[in-house]
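A.B. asks: So the chains spell out like this:
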Amino acid sequence: MDYTRLNDETLLRLITRSQEAALSELYDRYSRLVYSVALNTLGDSDRAEEVTQDVFERVWEKASTYSAEQGRVVNWLSSISRHRSIDFFRQTRSHHEELQITWQDAEEADLPDSQNVEWEVDLVQRQQRIRWAVAQLPAEQKQALGMAFFQGLSHPEIAAALGEPLGTIKTRIRLGMQKLRTLLQDEQVA
Amino acid sequence: MLMEVENHVIDMLPAFVLDALTDDETNQVAEHLAGCQTCQAELVRIQQVADELPLALAQTTPPPDVKVKLMKAIHTRQMNLSTSSQPTSLRQRLAGLLRTRLPALGLAIIVVMVLGNLLLLRQLNLNNQQASTPMRVFALANTQNSPGAVGTLIMDPNGKYGTLVVDNLATLDSGKQYQVWLIKGAVHTSGGVFSVNPDGYGSLEILAPQPLIQFDSIGITIEPVGGRPSPTGAKVMGGELSH
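Protein chains in written order, with our numbering: chain A, 1 to 190; chain B, 1001 to 1243.
Hints were generated in silico from the structure; no laboratory data involved.
This list has only true hints and no planted wrong ones.
Here are the simulated DSS-like cross-link-like pairs (lysine-lysine), alpha carbons at most 30 Å apart as the crow flies:
no., chain 1, residue 1, chain 2, residue 2
1, B, LYS1176, B, LYS1069
2, B, LYS1176, B, LYS1235
3, B, LYS1160, A, LYS62
4, A, LYS62, B, LYS1176
5, A, LYS62, B, LYS1069
6, B, LYS1184, B, LYS1235
7, B, LYS1072, A, LYS62
Derived, one-sided and incomplete: chain B residues facing chain A with beta-carbon distance under 7 Å:
no., residue
8, ALA1020
9, VAL1049
10, LEU1070
11, PRO1229
Remember, it's a predicted structure, so these values are computed and weren't measured experimentally.
Idealized CB from N, CA, C, for every residue including glycine.
Generate the whole structure from the sequences, applying the supplied hints.
C.D. replies: The following block contains the structure:
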């Protein structure tokens, strides 16, 4: 069976049947995404590797809990990665230091394989859209969004870490997300 | 109507989906959402944006040994699950023996020991066991890619399960592993991946979706860590599974 041609949902179904090759293929597709989320949250490659292994072990155990109503598999995987990374972050950090979030340049997609199947084409298009939209934001909005999303910090924690007024941080996050929503919506309509 | 608009929590939704609100603020938003379809619809749109954010990161490839550790952990878990759900006896004891890290004493010695143990156990159980078929043993031949390598597949009497033992195979780079293929006609089914120790010794309890005896032959190739859906690398060993 050529697992590379199977979509994500089918791979998860095979994982529930304990097919190791299906997990191997899912890892090949998304380990870079999972590792990057962990790396941006933790700023430490050793712990990011630990989180990456942990996330895919959870996928192996919990694949049967996924349902398509929860959204795409890649979003489900991102969500697990983000929450596990934030758990690690909270366990090991006594204070919140400013970490640099490494956003990708706009419209660059970085999948390793040729885009010859539907899932690859879809993923590349979505990467390009969100990267283009994030690139439109002012640097301070990207920074505040990144600290909230990837490091799980609250408004007051971000304000303290950046030495900015609380109201300023609230505004940056609100405006940043609303602008992304508008950009993505307009782009989809166009 | 104006009051209703003023009371909406739309401006708080971005921070709500990012978990950036305080507990009190989170409760306030949740309470409002329970009775407001307008804000529920906006929440869905904002959540869709948040779901996409990880895709905007610059992506970095994890080191190859992360996948090695992952697949090893999963395979070990599978093997434990498999053996705990199967009836005990000769096959399980044999697999347990082969899984232990025996020093590389040479495959011939191992096979002789295994068969010796088998005969001994059969002898001991003779009084309360009905006559049974002996274990099946298949030799694997090396190829020009693995001169000196030896391998044996030991299959239970029913042809359902099997354990592969190899010796004198080359140790591979951290990004590569050996993968076992069970072949029927033109179809190759993965039987699992394994690595060898510095002496070139390794073993694998083969997990297959159907009894091993139903396959025509077995092969081993070098593949990226974790294995591939079908063979892509050099073949190092192979053998017929004559019925």
